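Now for the letters of each chain:
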Amino acid sequence: VSILFFLLPLALLFALGFLAAFAWATRQGQFDDLDTPKYRILMDDPLEHQNRQGD
Amino acid sequence: MEAVRLFVEGVHCQKCLGKLEALPNHVSGLSHVRFDMSAKTLTAQIEGPDLTDLALQEAVEQLGFKAHILEGSDHAARLRVEDDRRDLLRIGVAAVASGNVMLMAISTYAGADAVVVNFMSWLSFCLATPAAVFSAWPLHRAAWADLKRGRPSVDLPISAAVIAGFALSLWSLLKGQTTVYFDSITLLILLVLSSRYLLKRIQRHFLSDSRFRSLFKITAVEALSPNGLWTTMDPRHVKVGAQVRVPVGQAIPFDGTLISDIGEVDASLLTGEVRPQPLRAHDPVFMGMKNLGRELVIKVAQPLQASRVHGILAEVEKTLTQKPRSLQILDQVGAGFVSLVFAGAAAVVIYFIGTAPLTGLERALALVLVSCPCTFAFGVPLILSLAMTKAARFGALVKHQSVFEKLLSIKDVILDKTGTVTTGRYSVLSVTPGSAPDLDFSRRDLLRLKGLVTCSVHPVARAVARYIENQEFDAAPAEVPDRFEEKPTVGLLGEFGADTYLVNAEGVMKNGKTLFRYTLGDSLFPEARQLVEELREQTLPVFLLSGDRGARVSEVAAALDVDPENVFSAQTPEQKNEFLQRHPHSLMIGDGANDSLALASSAVGVAVQGSLASSLRAADVYLLQPDLTLVLKLQKLARAVQRAVRRNLTLAVAYNLMAATLAIMGLITPLWAAVLMPMSTLSQVASGLFVLRGES
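As given, the protein sequences belong to chains W and Y, one line each in that order. In terms of my numbering, the first sequence opens at residue 5 and continues consecutively. In terms of my numbering, the second sequence opens at residue 97 and continues consecutively.
No wet-lab data here; the hints were simulated from the structure. Computed from a predicted structure; not experimentally measured. By construction, the Cβ of each residue, glycine as well, lies at the ideal position given by its N, Cα and C atoms. Check before you lean on any hint, since a few could be wrong.
Stated by the list, open to error - Some but not every residue of chain Y turned toward chain W, in silico, with C-beta under 7 angstroms:
1. Q110
2. G114
3. M133
4. S134
5. R181
6. L184
7. L185
8. G188
9. N196
10. M198
11. I202
12. V213
13. E623
Make the full structure from the sequences, and use the hints.
This is the structure in structure tokens:
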């Protein structure tokens, strides 16, 4: 049982660590726009696109 | 460096996104172009004197999108982002707290050692405190504001439940007991905040009112100075009685009278009529009329701010601020609910006051805690955000939640003509060969004609240009005229070598002989008829209100099969507004600036695709596609929303009755609260999802 008194605070420390990471990511603007990046990832470089068509 | 924001319509795919974000490649002075697909907002940095926001708007429109310049400083936008991020952080804190507290609560309920339970309860307290204070801060603040106003809303019971639960738990901890409700309250905070964040994010996209720049910004006009010279001035410094020159293709910047002998304007902004309107000297002219024929000189009769258009816009703003935006059913039921719960709690306290005041307080707090209105708190916001997302997916942007409710109580439907049931553009409806069939009409004539009509901004020329473009025709370069002239009341004259061409509203002549004739008009949207038909089946009276002249309006009304008694022509914007005020429960569909006042005062204002910014601002719903039947879809969706909300309310009442009985009898334990609250939550969410999914 006594191990719980050590493990529980440790687990909470982990949780706090993740909360801090979340706060950091939020401040960085990671969650400002959730819809556009998925399209942006598909955008081709125009030059590359032409090269591929030439193949 | 200046940040510019544009609301851009018609961006659906990754290809469009690529086109927009590649703008800096061919527009100099532009950088950091970012487009947000969900907010449909383009943000860019512009630099240098050559590039203005208007130029950027034009560049975007050349790519084939419609763009509106958004008002609002950089600062306001940043504040909004900060606000969003803080909300997210609050949710994060609540999530960490509730997750961990629940884990510990499970072992407590499972019957852990007394020492461990005590330790865990104190840990839960440490975790729940930031959630109850920092995360729930907006709720407490709103509740406090409610109290001060003396008008209870949904925030009050939520905040009260959090405070009651927290106080009750702390009280029992101090007594050395472990009946704590930290798991229930942290979960409640998490759910409320998340559902509200969701709704807010969705509503945000849909054009908050203040974002659209009103009508137009005229930065410089040419006025006649006392020394007899034309000078460029700031329009604010132009005095009443001054003479102002208006170049072809530009909007008249003031209300006044015409000094030139003759002129031609497009007054569709004020009247909705697309047919060019001829003017004579001393005729009144209004700000916003577009000069078509030739350069005009006007005499200013009103200062800039006193113009009719400005008056209309000011009225729109005023009406908008008076329009209620919240869901009425929630306000009513919410207020009743709050008074009931608090009355019950007070009764419990009074009942026990003689015998066991502490027990009474405990039970009263438990009552406030368990009867927390989950339906209002997150059931309904969730349904609304789902409905809004759905509406956006089929092409109707809904600005605020009350639209769904109001749509169901409308009694009349009022349609604008130009731009709403008709395309709002002059186009060639039919072509007949001219009186001289022997005249050889060659491909060369067509190429010359194509070159000639592109020289003019006149609606007739534009219509002919579009007609030629739409014909099967190889892309040979158009021939540029040697000389061209626009003669008001005569037409567009062009000379190619020895040949003279004349384009006017009747047809095209070559050297005095008619090449061909055409009928010009404003064609009807096919969906308009369907809309009118279906509305008739619902026995909703349909009205047609137009600024246009009688004959044309009756023609359209006949084509749409609208009752002639319900057709009103030659309506000024002010008359339209009066009509709307006489019909308070009406759905208005319109587009132009002449409709914006009516849109603002209608119960539900719908602006159709291609509307002016001022109408976008005034409307409650904006259709992203030129399809009026979307209104019918929206109606259907509104019915589904109503069903879902009602079901949730019923569920909530049943749940609350049960919980309240348990609480008053003193049977509520943390375990009961932990079971009951998520149960009601789940039923709310499931009910919402179920109803809206069935409606596709």
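Q) Going by Cβ atoms only, is Y/R181 closer than 7 angstroms to chain W? A) holds (5 angstroms)
Q. Holds or violated: is the Cβ of Y/M133 closer than 7 angstroms to a Cβ in chain W?
A. holds (4 angstroms)
Q. Can the hint on Y/L185 be confirmed by a CB-to-CB distance to chain W that is less than 7 angstroms?
A. holds (6 angstroms)
Q: Could you check if Y/S134 really has its C-beta closer than 7 angstroms to a C-beta on chain W?
A: holds (4 angstroms)
Q | Evaluation of the interface hint that places Y/I202 against chain W, nearest CB under 7 angstroms | A | violated (13 angstroms)
(Q) Given a cut of 7 angstroms on the nearest C-beta pair, is the interface hint for Y/N196 held or broken against chain W? (A) Since chain W brings a Cβ to about 6 angstroms from Y/N196, closer than 7 angstroms, the hint holds.
Q. Should the hint that Y/G114 touches chain W count as held when the rule is a Cβ pair under 7 angstroms?
A. holds (5 angstroms)
Q) Would the hint on Y/E623 stand, with a C-beta cut-off of 7 angstroms toward chain W? A) violated (28 angstroms)
Q: Against chain W, run the beta carbon of Y/M198 and see if the smallest gap drops under 7 angstroms.
A: This interface hint is violated because 12 angstroms lies over the 7 angstroms limit.
**Q.** Given hint Y/L184 near chain W, where the shortest CB pair must fall under 7 angstroms
**A.** holds (5 angstroms)
Q) With 7 angstroms as the cut and Cβ atoms as the points, is Y/V213 at the interface with chain W? A) Interface hint status for Y/V213: violated (11 angstroms vs cutoff 7 angstroms).
Q | Interface hint compliance - Y/Q110 to chain W, C-beta minimum distance less than 7 angstroms | A | Since chain W brings a Cβ to about 4 angstroms from Y/Q110, closer than 7 angstroms, the hint holds.
Going through the hint list in order, the structure does not satisfy hints 10, 11, 12, 13.
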